[in-house]
Amino acid sequence: MIHILTTGGTIEGLDYNQKQSARKISLSNFLESANVSFPFTLEEVFKKDSRFITQEDREFLAERIKATGSSKILITHGTFTMEDTAAHIGKLNLDKTIVLVGSFILGSSKNTDAPFNLGYAICSLQFLKPDVYVAMNGRIFHWSNVTKNLKTNKFEPKDEKQ
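Residue numbering for the sequence shown follows this note's numbering, starting at 1 and increasing by one per position.
None of these hints come from the bench; they were simulated from the model.
Since this is a predicted model, take the numbers as computed values, not measurements.
Wrong hints could be hidden among the right ones.
Capping the alpha-carbon separation at 20 Å, the derived lysine to any residue pairs in SDA-like fashion look like this [what the hints assert, rightly or not]:
#1 91 / 142
#2 96 / 116
#3 96 / 48
#4 96 / 131
#5 154 / 119
#6 47 / 63
#7 48 / 64
#8 129 / 90
#9 154 / 49
#10 129 / 113
#11 148 / 110
#12 96 / 140
#13 47 / 57
#14 148 / 90
#15 72 / 95
#16 91 / 140
#17 72 / 6
#18 96 / 110
#19 66 / 105
#20 91 / 65
#21 158 / 142
#22 148 / 120
#23 72 / 110
#24 129 / 151
#25 91 / 56
#26 96 / 42
#27 48 / 27
#28 66 / 46
#29 66 / 96
#30 91 / 110
#31 47 / 27
#32 66 / 94
#33 151 / 84
#34 96 / 120
#35 110 / 32
#36 129 / 93
#37 154 / 104
#38 91 / 147
#39 72 / 123
When you get a sec, could you build the whole thing from the sequences and use the hints?
The following block contains the structure:
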C-alpha cells in the first residue's frame, strides 16, 4: 500500500500568485485516469505554498509519516522548499521509503509536468530501499544531495551544481 501525503504546491494546481483561486487538481483523478492497479491511500496534511511551510509543519508531516502503517510514502510538495523538507525527514531515519515530488508547471495547466513527475515518483517508490528521496526532472536524488537550480529550474545533485 502506498500512502500519499499532500502538502499543497503547484502539483495540485494551486497558484499562489493569482488573486482568484486556481482550479485544484485531485491526485486521485490523476491516478484513476492512469488506471493504476496498486492500492493507495490519500491524506491531505496541509495545503500551503512551500515558501510558507514552517518547522512546525515539517514536524507535523513527520508525525503523519510515523503514524501510518505503510512503509511506502509519497509526499507531494512545492518545489521552493522541497529539499528542506526532504532533509528534515531524512535526518529522522524513519526506516520507510519516502519520495517527495512536485511540479514546476501548475497541475491544472495543459502542459504540466505533474502527471509525469507523479508517475515517475510512484514507480521509483516501489523499487527504492528505505530512505528519503526527491523525484524530479526524471531523476532520483537522495535527501542529502539535492538542490534546486534556480537558473535551469531543475533539481540536481549538490555536487553537480554549477
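Next on the checklist: What's the verdict on residue 91 and residue 140, does the C-alpha distance respect the 20 Å limit or exceed it?
Outcome noted: holds, 18 Å
Next on the checklist: Run the distance test for residue 96 versus residue 110: straight-line Cα separation, threshold 20 Å.
Outcome noted: With a Cα-Cα distance of about 34 Å, the restraint between residue 96 and residue 110 is violated, given a limit of 20 Å.
Checklist entry - When you check the alpha-carbon spacing of residue 91 and residue 147, does it fall within 20 Å? => result Distance of about 16 Å is within 20 Å: holds.
Checklist entry - Holds or violated: are the alpha carbons of residue 96 and residue 116 at most 20 Å from each other? => result violated, 23 Å
Item to check | Agreement of residue 91 and residue 65 with the hint, judged by alpha carbon distance not exceeding 20 Å | outcome: holds, 13 Å
Item to check | Holds or violated: residue 66 to residue 94, with C-alpha atoms at most 20 Å apart | outcome: holds, 7 Å
Next on the checklist: Tell me if the straight-line CA distance from residue 47 to residue 57 falls inside 20 Å.
Outcome noted: The given pair, whose Cα atoms are some 11 Å apart, holds under the 20 Å limit.
Checklist entry - Is the hinted pair residue 96 and residue 42 satisfied, with a Cα-Cα distance of at most 20 Å? => result holds, 17 Å
Next on the checklist: Would the hint linking residue 91 and residue 56 be met if the CA-CA limit is 20 Å?
Outcome noted: holds, 16 Å
Checklist entry - Does the alpha-carbon distance linking residue 154 and residue 119 stay inside the 20 Å limit? => result holds, 18 Å
Next on the checklist: Between the alpha carbons of residue 96 and residue 120, is the straight-line distance 20 Å or under?
Outcome noted: Satisfied, since the Cα-Cα distance of roughly 18 Å is no more than 20 Å.
Item to check | Given pair status - residue 49, residue 154, alpha carbons within 20 Å | outcome: holds, 18 Å
Against the hints set out earlier in the document, violations occur for numbers 2, 3, 10, 11, 18, 19, 23, 24, 30.
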